[in-house]
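> Going down the list, the protein sequences come from chains A and B. Read in my numbering, the first sequence has 348 at position 273, and its numbers run on one by one without any break. Read in my numbering, the second sequence has 140 at position 65, and its numbers run on one by one without any break.
Check the hints yourself; a few may be wrong.
Which copy? The list can't say, so a pair holds if one copy fits it or any two copies do.
As the list claims (entries may be wrong) - No farther apart than 25 Å at their CA atoms in a straight line, the calculated lysine to any residue pairs in the SDA-like style are these: (1) K331 to A387; (2) K331 to N378; (3) K331 to W377; (4) K179 to K331; (5) K331 to A212; (6) K331 to R401; (7) K331 to L175; (8) K331 to A295; (9) K331 to A344; (10) K179 to G329; (11) K331 to L388; (12) K179 to I87; (13) K179 to A387; (14) K331 to A183; (15) K331 to R292; (16) K331 to P385; (17) K179 to L355; (18) K179 to L200; (19) K179 to A156.
No lab work stands behind these hints: they were computed from the structure.
There are 2 protein chains.
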Amino acid sequence: MNASAASSHDSIRAVLWQGDHLRLLDQRRLPAEETYVDCRSAAEVATAIHDLTVRGAPAIGIAAAWGVVLAAQNEPERLDAALAQLRSARPTAVNLMWALDRMKRVGADAAALAREAQAIQDEDLAANRRMGELGAALLGDGVGVLTHCNTGSLATAGYGTALGVIRAGFAAGCIARVYAGETRPWLQGARLTIWELLRDGIPATLIADSAAAHLMRSGAVQWVVVGADRIAANGDTANKIGTYQLAITARHHGVKFMVVAPSSTVDMATASGSDIEIELRTPDELLGYAGQRTVVAGAQAWNPVFDVTPAALIDAIVTERGVVERPDAARMAELFRRAR
Amino acid sequence: MNASAASSHDSIRAVLWQGDHLRLLDQRRLPAEETYVDCRSAAEVATAIHDLTVRGAPAIGIAAAWGVVLAAQNEPERLDAALAQLRSARPTAVNLMWALDRMKRVGADAAALAREAQAIQDEDLAANRRMGELGAALLGDGVGVLTHCNTGSLATAGYGTALGVIRAGFAAGCIARVYAGETRPWLQGARLTIWELLRDGIPATLIADSAAAHLMRSGAVQWVVVGADRIAANGDTANKIGTYQLAITARHHGVKFMVVAPSSTVDMATASGSDIEIELRTPDELLGYAGQRTVVAGAQAWNPVFDVTPAALIDAIVTERGVVERPDAARMAELFRRAR
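Throw the hints in and build the complete structure from the sequences for me.
What follows is the structure in structure tokens.
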């Protein structure tokens, strides 16, 4: 691995504040094109979040924070409406609600709001570095790791959550190979994670989501490492559809299962996974592939884009505040007590 | 359900013998186009099997049998070479080997070979009808069924194996709804199964392969019903990649798991699943779709297209000879003893 490959992830920035507008790397067009979308209002940011121009729980929280700054700059009389519109852009990721609550507490001053948005972004990057260290220390030597969806620089302020652990683990020499599920229907694994891993020179192999159990049986994987969109107070974790299935099959094969997310993803007001709203998206995402219609007209599809993995199937939840092994309500509460 | 819808599956024929050539419904182009490929030599049939123009374990056995007839008619001096070429077209489905062994025993007479190929085709249709009855009787009332890949008229001489059980179960009023996994990378579920179910007026919902566990947790599914490409002497079953994962998640949720396949799929010479060769296909099938590249250049992919479900995860294997519940080596052997 050469130095430029090792540091290339630093050049990927999904969310770029430009002083008077927000520039978003258009993740719908990657890896074919590296193009950007400029948002000049909170409404445009909300649309970009809904349309998946920007995605990944931490990144949408950061983008929403900058959306509030745009509202304060350009239409301060609509600040409350802008907050509400951003909040409803996607229902499952709690980082979105957390970032908006933080912005709301600042008040209406545009300069103060911009400082808070920058703080949210900077803190996310620092949290990712810290989680990378903490998670990598759990891996062991020469392991194969399976990940799902995209949790890298594209999904965060930089470096990544689960992909941050993978970056840190590879840099420390712990990881022999990374496997990425393609992550239907939106193909975040195929399009985004493989792209990020190749840029960093990390040995990566794409698999069909449905090949994970067969891969585990082969012995090639010792850890599944994933991100989270919302973690309930008891450790139940909502994440990209397919995560729950990976957790069941990991347990079946004695493969360890790690969730990596900043503490802003933990929603202590949500008692358990059954209280988490699961976003259903349009069936059209399943009725075609990369914009090409594949299914006969008149077909129905069910397209939940998240699922809930019960805490009992999770070996470790890694946050920047520390690691919770064998998570349950008591251990999750302890994480917040000891870190205060 | 009206009469024309009820009988519409009878109009789907994937493999049509035309007296001097074999006409195959081109399954690569469905459902967008119903086009046919005409094969005039065993080599062309072998190519059609390898390229997935025709697919589904029983259908490729039937197509291969007609390929032998073409060799006997047109190049009798190359009959042994044609048998070898057809045998190597795909490694996992044992029906292919079974049909070719049956043809080889007939000898070199073209007319006798044509009668044998027709018998193989007719027997497959009759077996599917019988399996439909036997499997439907196990379902219970008002159930939701999840299936994988395509096991219908397109994969067989007609009616289908797992899809035959679904057709019979729906006709008997046992099935409330069918869920079909899209079946990456080749999308047999999305493209073919949904198309067949809609033609029959059976309520069908497409899901991402990775949504199966979340669906099971919702309580919508009581049975997983799948086909097989090879069943070992102990009941271990090779089937489309993703089947093993479904079996693990079904057991986790108390959902029953049924394998439906003609006895020609049972390979008593293969002791267990670990002796089954798993076909690896080109990574390109995962790196894009229909000529559109979705993954960055230089990416690696692992594309096993089958996996093995251990007998211990299977509640029932349904063949035309009878049903084997909780399959193991002794019960599988008993199936062949009692049917003789």
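> Flag every earlier hint the structure violates by its number, smallest first.
4, 7, 9, 10, 12, 13, 14 and 17
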